[in-house]
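A.B. asks: Read off the chains here:
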Amino acid sequence: MQSSFPFIPESASTLSGDVDAVYFYISGVTVFFTTLISLVVIFFVIRYRRRNPFEIPRPIEGSTKLETLWSVIPLVIAMSIFVWGAKVYFAEYRPPKNALEVYVVGKQWMWKFQHSTGQREINELHIPVGQKIKLIMASEDVIHDVFVPAFRIKADVVPGKYTSEWFEATKPGRYHFFCAEYCGMNHSGMGGWVVVMEPAEFENWLSGNVSQLSPATAGRQMFESLGCASCHGANGEGGRGPALLGLFGSNVVLNNNQTVRADEGYVRESILNPQAKIVSGFGPIMPSFQGQVNEEQLLQLVAFVKSLSTTKPETPTTKPPVNANVKPSAPH
Amino acid sequence: MEEFEVPRPPRTNYLNAEYGVKSWLLTKDHKRIALLYLGGISFFFFIGSLYAMAIRLELLTPQADLTQSSTYNKMFTQHGIIMVFFFLIPSIPATLGNFLVPMMIGAKDLAFPRINLLSWYIYMLGGILTIYALLAGGVDTGWTFYTPYSTTFSNSYVIATGLGIFIAGFSSILTGLNFIVTIHTMRAPGMTWFRLPLFIWAHYATSLIMILGTPVIAITILLVAFERLAHIGIFDPAAGGDPVLFQHLFWFYSHPAVYIMVLPAMGVVSELIANFSRKNIFGYKFVAFSSLAIAVFGFLVWGHHMFVASQSIYAGMIFSILSFAVAIPSAVKVFNWTATLHKGSISYDTPMLYGLGFIGLFTIGGLTGMFLASLATDVHLSDTYFIVAHFHYIMVGGTLLAYLGGLHYWWPKISGRMYPEGWGRFSALIVFVGFNLTFSPQFVLGYMGMPRRYHTYPADLVSWQVLHVLSTAGASILGVGLLIPLIYLIWSMRYGRIAEANPWHLPGLEWQTASPPPTQNFYETPIVTSEAYEFAPPEAKEVVGRFERQRPVKI
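Protein sequence lines, in the order shown, are assigned to chains C and X. If you read the first sequence in the working numbering, its first letter stands for residue 1, the second for the next number, and so on. If you read the second sequence in the working numbering, its first letter stands for residue 1, the second for the next number, and so on.
It is possible that part of the hints are untrue.
BS3-like, lysine-lysine: derived pairs with alpha carbons at most 30 angstroms apart [claimed, not checked]:
{"no.": "1", "chain 1": "C", "residue 1": "LYS97", "chain 2": "C", "residue 2": "LYS132"}
{"no.": "2", "chain 1": "C", "residue 1": "LYS112", "chain 2": "C", "residue 2": "LYS97"}
{"no.": "3", "chain 1": "X", "residue 1": "LYS108", "chain 2": "X", "residue 2": "LYS285"}
{"no.": "4", "chain 1": "C", "residue 1": "LYS171", "chain 2": "C", "residue 2": "LYS132"}
{"no.": "5", "chain 1": "X", "residue 1": "LYS343", "chain 2": "C", "residue 2": "LYS65"}
{"no.": "6", "chain 1": "C", "residue 1": "LYS65", "chain 2": "X", "residue 2": "LYS285"}
If you want the ones that stay clear, here's a sample from chain C, every Cβ over 10 angstroms from chain X, calculated [unchecked claim]:
{"no.": "7", "residue": "GLN119"}
{"no.": "8", "residue": "GLU121"}
{"no.": "9", "residue": "MET197"}
{"no.": "10", "residue": "GLU224"}
{"no.": "11", "residue": "ASP263"}
{"no.": "12", "residue": "PHE282"}
{"no.": "13", "residue": "GLN297"}
Computed footprint of chain C on chain X, listed as stretches where at least three residues anywhere in the stretch have a Cβ under 8 angstroms from a Cβ of chain C [as the list claims (entries may be wrong)]:
{"no.": "14", "segment": "234-242"}
{"no.": "15", "segment": "303-311"}
{"no.": "16", "segment": "320-334"}
{"no.": "17", "segment": "343-356"}
FYI, nobody ran anything at the bench for these hints, they're computed from the structure. Small disclaimer: the values here were computed from a predicted structure and weren't measured. Think of the CB as a built atom: it goes at the ideal place given N, C-alpha and C, for glycine as much as any other residue.
Model the full structure from these sequences, guided by the hints.
C.D. replies: Here it is, written out as structure tokens:
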């Protein structure tokens, strides 16, 4: 992860240059004002040193003009940093629609990754270069954080909900990633490598790995074994419970006339705490599955519900699920 | 310098008015209570520093050398808890503030002397409980106690430590209450609000934060304890709680607490800069009101600790812009201190060296805060060594330097003895160099991506180890720089040159009485007829040059 200059971190994502630009701008401001104030202080301290133990300098009251000047100039500079920083932050934290999704589960003290094609990894994440990757992250226990310094990206992984971050690597290579939120005894060991590969090499890696059930397929099996089908229909077409076909990404009207967007968090909550949001026209009859499914299984159920949706985001470079026995209800 | 007659200390003063342990433990004199606090705070600072040295030694190499991870985690946790809650927060207000707030406004004591003594006992009780928790097995949650780790997963003495902090919080509240009432009601005749030394304004603003903020951390700690004991489901998502709620509550206090630590330091520095350049402070009202502005705006920026903690990006935007806004009053202060030096008569005494050092280091600390207020860069730098470097520049480069500067400045008044000036200047220089060498490499480490609270780091990153070695070397120098004053200040209490009533020849009220002062501070109530920092009588304002005052000058 060393770059040519030893004290600047490797820059390997589409946004890392933008973050660095803001960083260097603030560095410039910092160096300029630190130098300015230091030089002025040193100049005054030497120029106006006490030459005579009895001297009393003439009092100077102050100047509203100067006070205004040195309030307004820093404010203008600060606001320029704010606007630029906010702009890059929005790009960093709003995942693009067509990203390849990877499910991440953090637990004391390891990381589990699962690709949408089913491959699982521990403490290593293989991704193709030049492809937008979105991590959908959950925690089994405490708060963790996925931090990839070379990509300048970081987001907490908070138990009880999904968080996400995205990046697009620009250079093949191996990059350190770390858990950046203190999580207990082996916190400093809870990291690993992001391995960025050329797309062809990545395809090779995918096919070289023993094929496993894709998250959506595994989710379908869970759906059947947990008995969800008895209310939501064998193919998610609905029954006593709301239909799941086409649900993901749509707007759902609740029985209190509120409308919510069916995202990962909504599906998750509806499984663990079904009474929280009741779909309009249905009764509060669904039991909670809290404690019956772990975070990985939950993510698989979410993936299954997603696969039933017409608005599933496109995933251009991935192959279709290897063992897929579920046909998406509409072509990609 | 040596030929003038040695002034004799007043026959009875607050130090020798009564003898015996009981006369100290039951004292109602704010000056003696300040010394009790000084003892307690120095003790906790010493313990906290030992942890710091152990941490720095461990990080010399990438692998684990001295301790296991569980021990290391306890070390940085306990370093943080002791330094924040038992050193930094009470440091300046409880020692220098306690000693000087009544003296600077011309009062005999604080408004509630018994409550003042009570606050020290509460502080010590909280401290002893925390020390007990450390000895019994320690705590490993980080000083921030983030849930659900602290509530559900940590197997350490969370409740005992939390209770220690909870109890110590009441001493803050009582001190703040005492200061506010004292400043409102006990000013000497003629001491109007705009004649108050800026030290008093800073303590007034600090007291407001103490009273308004501390109850929130007290409640938060109680909720953590309830959650740990009874699992009531406030923070644990499995029981329907929200772990991020804890961060909101915690930072709602702990961000303003940063200003509890740094505002009194700013007050000290205003005194140092004005008095050691014999000038009234440039833009007095701007400096005074900027303290209040910081106290108020400081309550509105807590969310900048949570830009990567799954907070909404729009909330992040609001907290970011407010954080930039709160930087402006601090910048105004720095500019005004610098302008005060202009055409002054600047002495190079030890307190002034600390004051000038503060300006430089606080400027760096403040400006590097912009990297963290800015959303884009905070995402990369959050939870890295950049944060560690930034807040140590504020807390150590700022608060600790001001505290040491203030301690030297008022030492003749407190002890009746002078500290050795040569050693003072020498150690101030050592502290400055050691401090910068310790913490400036950590900015680079953070930018390189080194997360904080890491016991080990990857061995393939050679530049990380280089930076850690520099930092540890700096910490050793800083440690020596801090030991020297500890030794000579204690030495000077017995062997130091006897101090005059007003060794610096300053107009402040605290200098217009004996050193050390009598128990009632002033032999007669002072009547104030001039502004703060007025070195020449009004009619002499146009006279530049000679010290044509009624005050005898012996140098």
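A.B. asks: For every hint, state whether the structure bears it out.
C.D. replies: Hint check:
Of the pairs offered as hints, the one joining LYS97/C and LYS132/C holds, with about 9 angstroms between alpha carbons and a cut-off of 30 angstroms not exceeded. For the suggested pair LYS112/C and LYS97/C, the alpha carbons sit about 23 angstroms apart, so the restraint of at most 30 angstroms is met. Distance hint between LYS108/X and LYS285/X is fulfilled; the C-alpha atoms sit about 27 angstroms from each other, no more than 30 angstroms. Straight-line distance between C-alpha atoms of LYS171/C and LYS132/C comes to about 13 angstroms, which keeps the hinted pair within the 30 angstroms bound.
For the hint linking LYS343/X to LYS65/C, the alpha-carbon distance of about 19 angstroms falls within 30 angstroms, and the restraint holds. Taking the CA atoms of LYS65/C and LYS285/X, the gap is near 14 angstroms; set against the 30 angstroms cutoff, the hint holds. For GLN119/C, the non-interface assignment is confirmed: its Cβ lies about 25 angstroms from the closest Cβ of chain X, beyond the 10 angstroms cut-off. A cut-off of 10 angstroms between C-beta atoms confirms that GLU121/C is not in contact with chain X; the least separation is 19 angstroms.
With a closest Cβ-Cβ approach of about 20 angstroms to chain X, MET197/C is found to remain outside the 10 angstroms limit, as its non-interface label requires. With a minimum CB-CB distance of about 26 angstroms to chain X, GLU224/C clears the 10 angstroms threshold, and the non-interface call stands. Chain X leaves ASP263/C outside its interface by the beta-carbon criterion, the shortest separation being 14 angstroms against a cut-off of 10 angstroms. Every C-beta of chain X lies more than 10 angstroms from that of PHE282/C, the closest at about 22 angstroms, which supports listing it as non-interface.
GLN297/C, annotated as away from the interface, keeps every beta carbon of chain X farther than 10 angstroms; the closest lies near 15 angstroms. Beta-carbon proximity to chain C at under 8 angstroms applies to 5 residues in the segment 234-242 of chain X; the threshold of 3 is reached and the given coverage holds. Counting residues of the segment 303-311 of chain X whose beta carbon lies closer than 8 angstroms to any beta carbon of chain C gives 4, which meets the minimum of three for the stated coverage. Residue count for the segment 320-334 of chain X with a Cβ under 8 angstroms from a Cβ of chain C: 9. That meets the three needed, and the coverage hint holds.
Counting residues of the segment 343-356 of chain X whose C-beta lies closer than 8 angstroms to any C-beta of chain C gives 7; at least three are required, and the coverage claim holds.
Comparing the model with each numbered hint stated earlier shows that all of them hold.
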